[in-house]
Amino acid sequence: MYRTHHCGALRLEDAGKEVTLAGWVDISRNLGGMTFIDLRDRFGITQLAFNMEENVELCTQARKVGREWVLQATGIVRERSSKNANRATGEIEISVTSLQVLNSSKVPPFTIQDDTDGGDDIRMKYRYLDLRRNPVQQNILFRHKLAMETRKYLSDAEFIEVETPVLIKSTPEGARDFVVPSRINAGQFYALPQSPQTFKQLLMVSGFDRYFQIVKCFRDEDLRADRQPEFTQIDCEMSFVHQEDILNTFEGLTRHLFQTLKGIELLDFPRMQYDDAVRLYGSDKPDLRFGMEFKELNHLAKGKDFAIFDQAELIVGICAQGIADQFSNKDLNEMTDWVKRPQIGAGGLVYVRFNTDGSIKSTIGKFFSDEDLQLWASEFGAKAGDILFIMSGETDKVRKQLSELRLELGNRLGLRKSDEFKPLWVLDFPLLEWDETTERFYAMHHPFTSPKKADIPRMLNGDHETMKSLRADAYDLVINGVEIGGGSIRIHDRELQSKNFKLLGFTPEKAEDQFGFLMGAFEYGAPPHGGIAFGLDRLCAVLNGQNSIRDFIAFPKNNMGRDTMIDAPSAIDDVQLNELSIQLDIKK
RNA sequence: GGUGUUGUAGCUUAGUUGGUCUAAAGCGCCUGCCUGUCGAGCAGGAGAUCGUGGGUUCGAAUCCCACCAGCACCGCCA
1 MYRTHHCGAL RLEDAGKEVT LAGWVDISRN LGGMTFIDLR DRFGITQLAF NMEENVELCT
61 QARKVGREWV LQATGIVRER SSKNANRATG EIEISVTSLQ VLNSSKVPPF TIQDDTDGGD
121 DIRMKYRYLD LRRNPVQQNI LFRHKLAMET RKYLSDAEFI EVETPVLIKS TPEGARDFVV
181 PSRINAGQFY ALPQSPQTFK QLLMVSGFDR YFQIVKCFRD EDLRADRQPE FTQIDCEMSF
241 VHQEDILNTF EGLTRHLFQT LKGIELLDFP RMQYDDAVRL YGSDKPDLRF GMEFKELNHL
301 AKGKDFAIFD QAELIVGICA QGIADQFSNK DLNEMTDWVK RPQIGAGGLV YVRFNTDGSI
361 KSTIGKFFSD EDLQLWASEF GAKAGDILFI MSGETDKVRK QLSELRLELG NRLGLRKSDE
421 FKPLWVLDFP LLEWDETTER FYAMHHPFTS PKKADIPRML NGDHETMKSL RADAYDLVIN
481 GVEIGGGSIR IHDRELQSKN FKLLGFTPEK AEDQFGFLMG AFEYGAPPHG GIAFGLDRLC
541 AVLNGQNSIR DFIAFPKNNM GRDTMIDAPS AIDDVQLNEL SIQLDIKK
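Quick note on numbering: the working numbering labels position 528 of the first sequence as 528, and the sequence is numbered without any gaps.
Just to be clear, a hint being listed does not mean it is correct.
To be verified - Straight-line C-alpha distance at most 20 angstroms; calculated PhoX-like pairs for lysine-lysine:
1. K262 / K417
2. K340 / K397
3. K285 / K397
4. K468 / K417
5. K302 / K366
6. K106 / K64
7. K361 / K330
8. K468 / K499
9. K152 / K169
10. K295 / K383
11. K262 / K468
12. K302 / K397
13. K340 / K400
14. K400 / K452
15. K295 / K285
16. K510 / K169
17. K340 / K330
18. K499 / K452
19. K397 / K468
20. K145 / K262
21. K285 / K422
22. K106 / K125
23. K145 / K216
24. K17 / K83
25. K262 / K152
26. K285 / K417
27. K417 / K453
28. K499 / K453
29. K361 / K304
30. K400 / K285
31. K557 / K216
32. K397 / K295
33. K125 / K557
34. K383 / K361
Quick caveat, the hints were computed from the structure, so don't treat them as lab data.
Make the full structure from the sequences, and use the hints.
Written out as structure tokens, the structure reads:
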């Protein structure tokens with residue numbers, strides 16, 4: 001054994017014991033006659049003390065060690081004469097009697113401390129050093145606990161964890177696949193799973209009843225702060241359940257995780273129709289930490305000779321309460337510029353300021369009398385001191401733009417508090433999504449999603465417009481405006497599944513080729529079933545009030561999908577290419 | 001594919017309208033002093049062709065162009 005205790009273990013009651021510790025030199029302080037070394041491991045920091053009067057040779061040796069050297073020290077635990085209240089072990093120190101250097105270290109490229117001076121670039125290149133830092137270790141530890149609590153909760157609820165294959169078959173639907181060439185089957189490729197979707201459905205057919213897996217998923221799409229090419233899902237499927245059973249089960253899991261990991265008792269999990277979410281917040285993942293619901297103004301704002309409104313499909317606005325005094329004209333112009341940026345792409349922004357002195361100031365005063373604007377105010381329930389922000393245009397676009405503005409205002413006004421958590425179930429997503437460019441329907445969730453029972457007759461013999469209006473038994477869990485997870489009740493009937501594939505533009509042959517195994521399975525007594533998957537990385541980030549999932553992944557990839565530490569992806573040898581029967585044709 | 005933004009000692013930054021910039025500071029590093037430090041202190045020192053390549057200019061860290069890299073976003077992500 002290299003040690004008797006770890007570096008966070010010893011307390012005043014251990015005084016007098018002979019102990020051996022091992023760890024890294026966090027920092028050393030050479031005071032001349034005395035030298036102190038802070039010895040660090042995952043569990044904490046313990047001070048080693050050396051004294052010239054007690055042992056010249058040992059103290060001289062201690063003076064020579066540098067940061068991040070690996071030491072083993074034996075000595076007696078003793079009470080400190082001057083204590084450090086900021087540290088759990090701050091009442092004691094080790095009076096060292098023997099010191100072994102287990103390994104020396106180069107000076108690290110950035111200092112291993114909580115507030116490191118290293119930028120993202122260098123931290124990623126030396127991720128193994130970044131991972132020595134306490135805040136990052138805490139994140140990884142948090143992730144571990146979340147995974148453990150998830151397993152505990154689901155296992156207690158009769159779910160069993162089953163591993164599904166990573167080398168599977170490519171399908172054209174959905175995200176781009178990562179593919180893996182097969183050496184033995186020249187010219188053929190496996191795909192890495194975007195999710196274990198079909199396998200978990202097959203496990204239901206097999207009678208496992210409740211399945212879960214904490215599993216890597218792979219999608220070859222562009223990255224974001226909250227998107228990695230490989231990410232982890234808490235993937236689940238249940239047999240003999242309705243939507244209600246699934247929502248309750250995973251509401252329970254979510255409560256359990258908040259309770260055990262954060263000590264937070266979540267209040268209610270409100271539910272909202274997808275249509276309402278889009279109408280009231282312009283988003284299928286509204287942040288409910290603050291209000292600012294949309295109000296539509298077509299009936300009040302049209303017919304007043306303001307051409308932009310008269311021509312608009314939708315005129316819609318939000319009310320920011322009590323900010324008239326703190327928002328100057330300059331701020332308002334800034335907001336206008338903000339929504340006009342290419343990323344938002346709005347034509348402009350109309351505002352109505354209800355000043356605290358009772359006067360009304362707006363950008364459209366020429367077209368609307370104060371009486372008109374008072375009608376707007378009562379629509380919003382606006383009072384003196386409030387400002388209305390109004391946008392207009394094509395319905396879908398303007399809702400999206402106003403949603404962005406709402407979130408930005410929430411940020412600027414400090415309404416999106418990182419220690420507040422507002423979960424929301426968004427229900428009844430559309431079954432299909434029409435794509436203008438390819439002129440076909442795509443499954444909004446995935447091709448196995450069941451339409452709502454009431455919509456099945458319409459699905460079987462409806463026209464094009466009817467198809468657009470079909471609702472699915474599909475649901476998302478949203479927390480603080482972040483999509484934590486989603487799922488659906490699945491189709492378990494071969495006929496209905498065939499019809500769905502047909503709507504999605506699959507020929508019977510193509511459907512058979514791609515998903516014949518699943519439809520075949522449905523002919524052998526498939527139970528009604530449904531499931532859900534949570535994004536584990538996002539859940540970690542949201543629970544910690546953070547936006548980026550990268551710090552909850554031990555070895556993440558950068559914006560370009562590169563791992564800068566191991567320098568992947570990389571070219572491979574011609575020999576390897578030959579074995580795989582692959583020739584490169586790289587376009588410049 | 002597109003937009004924005006950043007790139008200056010090991011690290012984090014400052015650097016005005018181009019001119020004592022022969023590039024500054026803090027941290028880190030090295031040396032010395034120092035017996036109760038814990039962000040130790042004090043004194044001294046080393047360390048940068050300013051992302052790369054062009055261009056403008058008498059003169060470029062600074063202006064222009066291209067490229068490279070990081071970050072954020074749009075498209076994309078059933």
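Can you give the numbers of the hints that this structure goes against, from lowest to highest? 4, 9, 11, 14, 27
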